[in-house]
Amino acid sequence: MPRVKTRDFGVRAVGDRVFNLTTLAMALMILALLGGLTVELFSHALPSIKAFGFGFLTSTDWDPTTDLYGALPFIYGTVVSSVLALIIAVPLALGVALCLSEMAPAWLSRKIGFLVELLAAIPSVVYGLWGIFVAGPWLRDHLDPLLAKTFCFLPLFQGPQVSVSMLTASVILAIMVLPYISAVCTDVFRAVPSSQREAALALGATKWEMVRIAVLPYGVSGIIGAIILGLGRALGETIAVAMVIGNSPQISASLFMPSATLASVIANEFVEATSALNLSALFELGLVLLVLGLGLNIAARLMVYGATQRRFQKPT
Amino acid sequence: MADNKMSARDLRAYFHKVEALHGVSLGFAANRVTAIIGPSGCGKSTLVRCLNRMHEVVPGATCAGQVLLDGEDIYAPAIDPVQVRRRVGMVFQKPTPFPTMSIEDNVAAGLKLNGIAVSRAERDRIVEESLRRAALWEEVKDRLKRPGASLSGGQQQRLCVARALAVEPEVLLMDEPCSALDPISTARIEELLLELKENFTIIIVTHNMQQAARCSDFTAFLYAGNLIEFGETKQIFTTPARRETEDYITGRFG
Ligand SMILES: Nc1ncnc2c1ncn2[C@@H]1O[C@H](COP(=O)(O)OP(=O)(O)OP(=O)(O)O)[C@@H](O)[C@H]1O
Ligand SMILES: [Mg+2]
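Chains as they are written, first to last, in my numbering: chain A, 9 to 324; chain B, -12 to 241.
Any given hint could be a false lead.
Sample of chain B residues at the chain A side, in silico, Cβ under 10 Å [said to hold, decoys possible]:
#: 1; residue: Arg72
#: 2; residue: Lys99
#: 3; residue: Arg150
30 Å max Cα-Cα, derived DSS-like pairs, lysine-lysine [claimed, not checked]:
#: 4; chain 1: B; residue 1: Lys81; chain 2: B; residue 2: Lys184
#: 5; chain 1: B; residue 1: Lys4; chain 2: A; residue 2: Lys119
#: 6; chain 1: A; residue 1: Lys215; chain 2: B; residue 2: Lys99
#: 7; chain 1: A; residue 1: Lys215; chain 2: B; residue 2: Lys81
#: 8; chain 1: B; residue 1: Lys128; chain 2: B; residue 2: Lys81
#: 9; chain 1: A; residue 1: Lys215; chain 2: B; residue 2: Lys132
#: 10; chain 1: B; residue 1: Lys184; chain 2: B; residue 2: Lys128
I should point out that these hints are in silico values taken from the structure, not numbers from a laboratory. Here the structure is a predicted model, which is why all the values come from computation and not from measurement. Note that CB positions come from ideal geometry on N, CA and C, so glycine has one too.
Work out the full structure, taking the sequences as your base and the hints as a guide.
As structure tokens, this is what we get:
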């Protein structure tokens, strides 16, 4: 019997080692990919980094005719459009997810869930077209005047109303990230154990109170995870944004004005870059986008970690 | 048994089309402990869950018949199940503290519901009193801000008892509250039952015959969805009228 055991152990050890090495190799490959990509971007961006230094990030000039490049309008456009998209999409997505997981009967929930996920299958360029021809003009004619009237004291909603604008881009982005966030949140809510729901109900909670005290707190880290996912998609979305944002390298307080994002300007100018420095500056924009995405991801992860640690294991 | 706090009349419970309770009728005396015993799967949990309308929370679960609380049918169309559950509290078999809430927030969880506003001081008083009643105060009074999930299983179960008591229900349903507890915690819960029955009507499901004999006033024996025998605990355990009851409580069950 000890012999059998030893032999079993030996075979298992070899299997384990092969498995470990394979998975390790795959994990390293991901790292290598990320590293290689960064190095490549960096080396192409080097001329621009040398030419503009740190000022690249703070300058608002983007002028291929004079070969002066600054990334600030695009960083601004990327961050604002993504954050605005999340502000619009997150409450909607939470509503959809709660409806699917708590309210709708199973058969209906499956169908609506499928339809929502179908939104994710629509190609970006179709969203872009729809944004140009339908959503943009509609927002300009109906939503913009309403916002301008209601919030006339906010510079965000002042000035001329244009159909290709930051607002249009944010709305399109919101619709595009909605299915991702709501799908993840639906799963998160469904994973809340029924014992937690029953504990709340048995205390005399109404359905909404049950959601508030049992479902949402239990799923909070999952919800933040879903938002990170949506943010990642919004930051990098290119074609649809390039089609509806107006591509104007300016920082304007008004959301009704055209703007541009890191991704959209790269897509727009890449093929017709006028000089080597222009091309290099576009690479640097790519690098900035990569760092921005990574940075936001890390920050959000730290936030989740902090939230869960504080909630679950806080020593006092 | 003139003053029944609750009573079930021809109560039938279904999971989809399958009938799990075949017409159960019995009364639960006010300020007494009634034990429900019977083999696994006989419908004990189903029965107590019908008493505070938790049964219908399970998809596909329905029931028929009447359950009277102070003479009023809790299944009458005009009755809001939320109100029923406020009056008939419940402690589950497995401890279910809210993991993201602190110990005191767990106890106070029910207080915030239904728009009932309590002052900070009032809240603290109720938290302390409930924890004392659940025999947990001494163990947690120095760490009320710590998460409920940081307690041991037995402490968590007493936390759930405190949480159920904090909303001052009239009836307390306990579905095998001691099944995950060590003998000391079990003894505490049993002592607790004796104290609590001064103010509450208690219905407890248990697999532990000694427990039923020790701390209940009345005992109901369920078998395969039928109420086989119901009577004073002393009588059930000394001179059971039915053969099945005797077999079950003496452990000779087939
Ligand atoms: N969610 C459910 N769906 C379908 N049938 C169920 C469900 N829950 C319970 N049942 C059935 O109802 C019957 C009674 O179950 P119940 O949980 O009330 O038994 P119990 O007496 O509490 O058993 P235990 O002592 O093991 O807790 C069982 O036959 C069980 O199979
Ligand atoms: Mg049970």
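Evaluated hints:
no.: 1; hint: Arg72; result: holds, 5 Å
no.: 2; hint: Lys99; result: holds, 8 Å
no.: 3; hint: Arg150; result: holds, 7 Å
no.: 4; hint: B:Lys81 - B:Lys184; result: holds, 22 Å
no.: 5; hint: B:Lys4 - A:Lys119; result: holds, 25 Å
no.: 6; hint: A:Lys215 - B:Lys99; result: holds, 14 Å
no.: 7; hint: A:Lys215 - B:Lys81; result: holds, 22 Å
no.: 8; hint: B:Lys128 - B:Lys81; result: holds, 23 Å
no.: 9; hint: A:Lys215 - B:Lys132; result: holds, 27 Å
no.: 10; hint: B:Lys184 - B:Lys128; result: holds, 25 Å
Of the hints listed earlier, there is not a single one the structure fails to meet.
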